[in-house]
Amino acid sequence: MSDIAIELRGIDKSFGLVHANKNINLTVRKGTIHGIIGENGAGKSTLMSILYGFYQADSGDILVGGNRVTIKDPNAAISSGIGMVHQHFMLVENFTVLENVMLGAEDSQILNTSISKARVELKRLEKEYALEVNPDALIEELPVGLQQRVEILKALYRKADILILDEPTGVLTPPEADHLFRILGQLKDQGKTIIFITHKLREIMAITDEVSVMRRGEMVATRKTKDTSVEELAELMVGRRVLLRVDKGEANPGAVKLAVENLTVRDSRGVTMVDNVSFTLRAGEIVGIAGVAGNGQSELLEAISGIRRAVSGTVLLNGKPIDVTGHADPGDLRNRGLAHVPEDRHHVGLVLKFDEAENGILGYHNDKRYLNGVFLDTKAIQADAEEKIRKYDIRPPNPRLKTANFSGGNQQKIVLAREMERGPDVLIIGQPTRGVDVGAIEFIHKRIIEMRDQGKAVLLVSVELDEIRALSDRIIVMFAGRVVGEREPDATEGELGLLMAGVEGRKEAAE
Amino acid sequence: MSNPYAKLPAWAEYGLIPLVNLVVAFLVAGLVVLLVGENPLNAAYHMINGAFGRGEYIGFTLYYATTFIFTGLSVAVAFHAGLFNIGSEGQAYIGGIGVALACLWLDKTMPWFVVFPLAIVGSAAFGALWAFLPGWLQAKRGSHVVITTIMFNFIASSLMVYLLTRVLKPLGSMAPQTRTFEAGGQLPKLDWLLSVFGLEVGNAPFNVSFLLALLAAFGVWVLIWRTKLGYEMRTMGFSPSAARYAGMKEARITVIVMMISGGLAGLMALNPIMGEQFRMQLDFVQGAGFVGIAVALMGRSHPAGIIPAAILFGMLYQGGAEIAFEMPSISRDMIVIIQGLVILFAGALENMFRPAIGRGFATFGRRFPVAAERGA
Ligand SMILES: Nc1ncnc2c1ncn2[C@@H]1O[C@H](COP(=O)(O)OP(=O)(O)OP(=O)(O)O)[C@@H](O)[C@H]1O
Ligand SMILES: [Mg+2]
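In order, the protein sequence lines correspond to chains C and A. Once you know that position 279 of the first sequence is 279 in UniProt numbering, the rest is easy, because the numbers rise by one and skip nothing. Once you know that position 8 of the second sequence is 8 in UniProt numbering, the rest is easy, because the numbers rise by one and skip nothing.
Among the clues, some could well be false.
As the list claims (entries may be wrong) - Calculated lysine-lysine pairs in the DSS-like style (CA-CA distance at most 27 Å, straight line):
#1 A:K249 with C:K320
#2 A:K169 with C:K353
#3 C:K402 with A:K228
#4 A:K228 with C:K368
In short, the hints are calculated from the structure, not lab data.
Work the whole structure out from these sequences, hints included.
Right under this line is the structure:
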């Protein structure tokens, strides 16, 4: 019994009609990294939220170290030694690292003594687990990778023995992810137990000891990682064979659809994020923009789609200029055949408090087909939503459900359905598969390639190098706001990686 | 997962929670009454009786409610677009000019049903005008409406003092008010409506602007949930970045929404001016604009919530007056305290009992809904 960290017995949980967890049994061994995978909406986050006390199970038992416990809120989870690193960090942006780590765990009313004690403890933890981070840095000034490290430190500071990470790599760049894995390895060596949720099967194969698969609320299998394969896991998840490779024919590039010339964009603080960037995008091709997150890709997409004003440069859509340095109107650009799947679906691409149908018309709400004069044609909107739900297999198939209650992958499908179904001339798409399961990835990739084969021009930004390489017909690499190179999709990962790190680029620029 | 509270069934969300909040507010208010040495049950009796005990009392309660429906809707409309209009007070005050002008012009020659539509247009137009400037300043210059609307309340108040002492006051009169309107400037009472229930309206100034208020509530519902503008407003209110992405014109929407909000506030002026006093007096708004904020909060910015919330506040006003009259040691200020407690528990501490109620549901949930209620 003693080598078992957590045991879940018969956990059941429903949200109204949605049966999110059905009689789940799970055993996690002490000192191991246990992966959990499953399609979007399979119930992974729900299960972890139950373990962490965010939700209460309708029935079932939780055993920690062999003892039955009731976890009625996150505090109870923490006192049982369970810590959680959330996908959306729960840090106070304008507090320092140290203040965040202490928050809620101050051991006396007099802050000063707490602070110095916490500082010592933090130093010790940093040393022990190689989690360097400046305790006096403000959270808002840290890159996401370091913010995540602070979340981990927070959990360790609270003496967590069991660490839950829900899709921790979704926001990380590949080197940051590698670093995280080293940290997790170290934690494991120190005897900590880690539960790790991800959609990336490669990560499962690389770092876990065991892996459990969920499908539609059920726990369908648990395997020793060394006895399984990516193919088997994908099939277990989706319940059918999944094409893990993208099948695509030759591109037939046509006329130039989008021409970007000398575009320069600054962020709100005046830092130059896009620096004199030029490229063209033709009908019938997919151009991928590779780069480590934060090297100007986001700002580039925003400027082209009219959300952010550029400082200088020109952009031509179908040969006609977009007023990127003035008042480009995203609504007008849509009418001119530009569709945009933004990177940030939670704040930009969707209104989470709207129901599915309402989000289905966001940006297209001026379209006659959804209106009766100044009134919304709710019937038409509903019918339109139902059609997209069917076509994109959005689950649960309920247009009246609040968007916040859809799982990440299904939220992404809502945005994709809206933007793709218009048959735009140019599709700009940021992080199309962030937080999306393999089955849905296959579907989304297929649709993107279909768009290309129909003669649409696709501009793709992704931090997933695999995705860029699999989909693109040409790859542009951005580093520090500049285009540092253009490669064919058969360029090796190493070559692209060096470009992305700015190593090759500097040489090329110097030549 | 971002929401740590379990989702509750709609009847609990919109019925049980407000009810629990209200009961707690009244319990605390009862303690306050106890503290000044009066019997809370007695006070409660006077409150209820004073508000609903007779046809006339009900008439007064609904008269106040009419006023609060208008100002509550005004605040709610702006709120849906993420704008906090604290200027309903001033907008209602200025709206009075529109009413007064229509009445002074036509009350001697035209029947009320001719003057009323003109007064409606006039009050809404003046209210909208008064909200236009803060809206425009917010849209074009980024001056926050919370600040500017408060400032415009003061400006409105000074302007009205000027108008009522210099311009609109009849010659030779000492009182800062317009002349009293003739029949054309007086709205008929809704005595027939109360008599359907076998009640008599008596002296209560319960008048047709109540029906206008209900109509406005329906109109607001249509606007927010059934029109394109409403869709844009809600998008902006929930997520300005999504609104920008969708190509919505933030500046234009801000100005329009503020004008609609101001127009609704302006309509409020009809009720006291044409419905009760038959003249425009100094300070006829009497804080109704601020009560509107509480009403909108309590009614969760939904017309179906605003109407009962407005009636509740009407009851507090009318029943409160009764308490003050019947129980000398309880002054009008005490009533303000009680109103404050309602706002505190129903608005600011809205979520206080939610976790407990949520736990109640999680434990007894589907099997014993009644137990869950007690668990709260
Ligand atoms: N608060 C809620 N109210 C209603 N339904 C919910 C709620 N939270 C989750 N669900 C539903 O429960 C199901 C499981 O969701 P969950 O978030 O656990 O999935 P997941 O496996 O984490 O998916 P993803 O990989 O996309 O993150 C989904 O159908 C989701 O729509
Ligand atoms: Mg999840």
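Hint-by-hint comparison with the structure:
no.: 1; hint: A:K249 with C:K320; result: holds (23 Å)
no.: 2; hint: A:K169 with C:K353; result: violated (51 Å)
no.: 3; hint: C:K402 with A:K228; result: holds (19 Å)
no.: 4; hint: A:K228 with C:K368; result: holds (11 Å)
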